[in-house]
Amino acid sequence: MESFEPVKITNFNEEQAPAGEEPGHEQTQQAAGTVGMVKEFGQTAAPVVEPEIFCITIIGQIEGHIVMPPHNKTTKYEHIIPQLVAAEQSKTVKGVLIILNTVGGDVEAGLAIAEMIASLSKPTVTVVVGGGHSIGVPIAVSSSYSIIAESATMTIHPIRMNGLVIGVPQTFEYMEKMQERVVRFVTSHSRISVDCFKDLMFKTGELNRDIGTAVGGSDAVKFGLMDEVGGIGTAMAKLNELIALKGAPADTGGLTQ
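In the UniProt record's numbering, the protein residues as written are 1 to 257.
A few of these clues could be false.
Quick list of in silico lysine-lysine cross-link-like pairs, DSSO-like style, CA-CA up to 27 angstroms [to be verified]:
id, residue 1, residue 2
1, Lys73, Lys91
2, Lys198, Lys177
3, Lys246, Lys91
4, Lys76, Lys91
5, Lys246, Lys198
6, Lys122, Lys246
7, Lys91, Lys122
8, Lys222, Lys198
9, Lys203, Lys76
10, Lys203, Lys222
Hints in this document: simulated from the structure, not taken from any laboratory.
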């Protein structure tokens with residue numbers, strides 16, 4: 001007798017997977033892409049419809065021109081700068097929210113991020129939720145409006161260098177000029193005076209005098225370093241308010257037709 005192979009009946013109403021791909025392959029690729037975004041950038045893939053508010057997180061140590069050890073939690077400035085450029089170019093994004101919990105890091109990389117945030121044409125709000133220490137201070141004050149959590153702190157200290165240091169007067173002058181850049185940026189983007197900021201920077205007699213002066217949430221507002229004590233809800237409300245004010249037509253004093 002002749003043997004007959006069973007005939008497979010195909011239901012053409014069902015969507016067939018391409019040859020060589022199992023059903024659900026596309027969902028698997030999307031999941032893998034999302035995991036990669038979380039691993040590399042600390043965020044999921046952007047949705048198809050862009051939100052009006054673009055959120056950027058700056059956590060751990062700000063990594064500059066030198067790669068930090070793999071066990072360090074870092075934020076790479078070459079990742080942050082393209083995100084800020086994309087937010088500026090986007091026609092959908094109306095405002096940028098920056099969440100800070102950083103111990104500081106590379107001075108020039110931190111100043112580069114701060115200058116980028118300050119130069120955005122769209123409303124920006126920064127929130128210090130844990131710490132905005134060292135070079136995180138200029139980033140915290142660089143936005144249109146700055147908020148700090150009640151339990152958060154900001155450490156203000158002079159510029160320090162590690163590694164090989166050449167003991168010549170030029171090295172001291174370089175550090176002094178870099179420090180003046182930080183002081184000038186912070187005082188020009190906040191309500192704190194130069195004398196007050198330098199007093200906090202060089203204050204002695206504190207428990208952490210070898211590190212710098214730790215300023216708490218309410219004290220940061222009192223000194224004029226930050227604008228308000230609050231959290232994410234306060235920041236979102238303020239950012240929406242700034243977006244609405246930017247989108248409102250200018251009052252020319254005439255009659256509206």
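Now the hints, each set against the structure:
no.	hint	result
1	Lys73 x Lys91	32 angstroms, violated
2	Lys198 x Lys177	14 angstroms, holds
3	Lys246 x Lys91	14 angstroms, holds
4	Lys76 x Lys91	26 angstroms, holds
5	Lys246 x Lys198	34 angstroms, violated
6	Lys122 x Lys246	8 angstroms, holds
7	Lys91 x Lys122	11 angstroms, holds
8	Lys222 x Lys198	16 angstroms, holds
9	Lys203 x Lys76	31 angstroms, violated
10	Lys203 x Lys222	17 angstroms, holds
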